[in-house]
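Novice: Work out the full structure, taking the sequences as your base and the hints as a guide.
Protein chains in written order, with numbering that gives the first Met the number 0: chain A, 0 to 310; chain B, 0 to 318.
Don't take every hint at face value.
To be verified - Computed footprint of chain A on chain B, listed as stretches where at least three residues anywhere in the stretch have a Cβ under 8 Å from a Cβ of chain A:
(1) 72–86
(2) 215–222
(3) 262–276
(4) 282–293
(5) 297–305
In case anyone wonders, no lab produced these hints; they're calculated from the structure.
Think of the CB as a built atom: it goes at the ideal place given N, C-alpha and C, for glycine as much as any other residue.
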Amino acid sequence: MAAPAAELTKGGVLIATFTRPPRSLWKDAWWQFRRHRLAMVALATLSFLIVFVLVGPLVYHTPLDTIDFLQSLKGPSADHPLGTDDLGRDLLARIMFGGRISIAVGITAVLLAITLGTTIGALAGFFSRLDNPLMRITDLFLSLPILPLLLVIIYLFRDSLRSAFGPELGIFLMIVGVIGILNWMPVARLVRASFLSLKQKEFVEAARSIGARDRRIIVRHILPNVLSPVLVAATIGVGGAILTESTLSFLGLGFPPDVPTWGRILFDARNYLDIAPHWAIFPGLCIFLTVLSINFIGDGLRDALDPRKTS
Amino acid sequence: MGRYILRRLLIAIPTIIVISFVVYAILALAPTDPLSAFGADPRVPPEVRANIRHQLGLDDPWPVRYVKWVSSLAQGDFGISFMSHSSVMDLIKQRLPNTLAVVGVAYVIGVLLAIPIGMISAVRRYSVFDHVATTFAFVGFSVPTFFTGILLIIVFAIDLRWFPFIYDSTLVIHDIPSFLDQVKQSVMPITVLALFDTATIARYTRAEMLEHLPLDYVRTARSKGLKEQVVVLRHVLRNSLIPVVTLVALGVPAVFGGAIVTEQIFRVPGIGELLVTAIGNGDTPVVTAILLIFAVLVVLFNLIADVLYAVLDPRIKYA
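Specialist: Structure representation (structure tokens):
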């Protein structure tokens, strides 16, 4: 890379200093990631979408729930850049609001799944006593029919959670919780496998020989080495969780009708495909672009963090 | 080998029992009353309602009800639907052919397309074909099936009027025109599902082939003077397909899950549609039965995948 720059000091001694800052794992990964052209395009697209849903409502002031029957089912126009729905509500405002919820659900659900999966995987991989029971539980969860079960749980517990936490927070907590609880298994298996091989390594033995306790060995010594595959799984998981949330909303079992998530808007639009296709196409495109860019970023990260790949 | 299969079977049985217990417990512990479908009727006096509960055995604690449910299941009795008052078994028998005609065909098409696509793109890595195929695969599993479905409806059913967008399950195939009608109405749901399946399996096949291509045995085969075709088809493909076969087996239950959405878009009256309607109506016997069927499918295909893996890969020793 950069050549060492020669510098003369006062004493006339030649000292070589490197103009390049020290390399770190994350800098290397970023350098590698930038070479993945599609992943960079995806990162730009995703950043744009996030800015769009976060900053958009601050700039664009049309309310999302003003009903105007004279304007119903109109295509894109100057007043309503993305058109209106059957009640004449502005779609751009609704899509920006819905995006916040969809993305928030995706990220929170994955955080939950990753936390659960990493904890269970680490315990199973590190303590051989726990390995068998924990892995049996993991296998059991893997045998559950996820989508049908999600539908049933949400249907059954929706009303009681709604009365406990209010319609929006209650449903949010439930969807995040259920997606998280039904998706931690792959991460647990991944973390367990890495723990099993890493705990035999010399550095763990070294840590143990200087008196480090189990807890410290797990958290400070082994866990950082498992981080990169978990990060890749988490990235792709966010895309999956957004898809799951929109699928639930599309089946009418997600957020209530007055909370316009992307899937919910599509669900409402599906009976008007012949007269108002724009109503379905815009939220669908948003879901598609978000998930596609997240998957490309995950792919780029996998390449960037893979130590076998040196270029 | 025989012992391995037997052991896997012995693990599968308790798994199914535990899952049936979990499914039943979720439904039993839920705050929603299974009788709410009748209970909402104000003309039913409370004592009559209590009587109904007593007769249906709803007064028993739920573990007792679970045991009763399982023992009648063992005799092939899934109970009676609250909504249609017909036997759950009959309902499922009615719906299953529709699901299989769409989901089954789509999965077969998906697998048949995916393996050659994955193979060619691995062999011609970084060629135009590979770039197109990998991008297509990425798009295929990033786009939600309900969005592809809606796009297809807008383009092919509304704008071009090529295909009907509602699936007619009363259609009986008796001659060539009615067969063509069946093909026409199946094209879109099958395309949606097959697109997703092809994308996932092709990507996996490609990755597996790429793992194997640089290995020593491939070089040996080439240096023996075998034709490239023989090397790829008989040596690399056969070895790479082992994990692909297990993926295909493991994917079957997920495919049924995915059918829930597709059936909803195209209004195919299949199992998934039955489940969504039953959930909406609070039809507990139907919901438990379908959930259990899905769970058994998952366990069964896990078992099939494990056994296939053992049969196909003699290098693995099972004690």
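Novice: The structure should be examined with respect to each hint, and the outcome stated for every one.
Specialist: Structure-based check of all given hints:
{"no.": "1", "hint": "72–86", "result": "violated (count 0)"}
{"no.": "2", "hint": "215–222", "result": "violated (count 0)"}
{"no.": "3", "hint": "262–276", "result": "holds (count 4)"}
{"no.": "4", "hint": "282–293", "result": "holds (count 4)"}
{"no.": "5", "hint": "297–305", "result": "holds (count 3)"}
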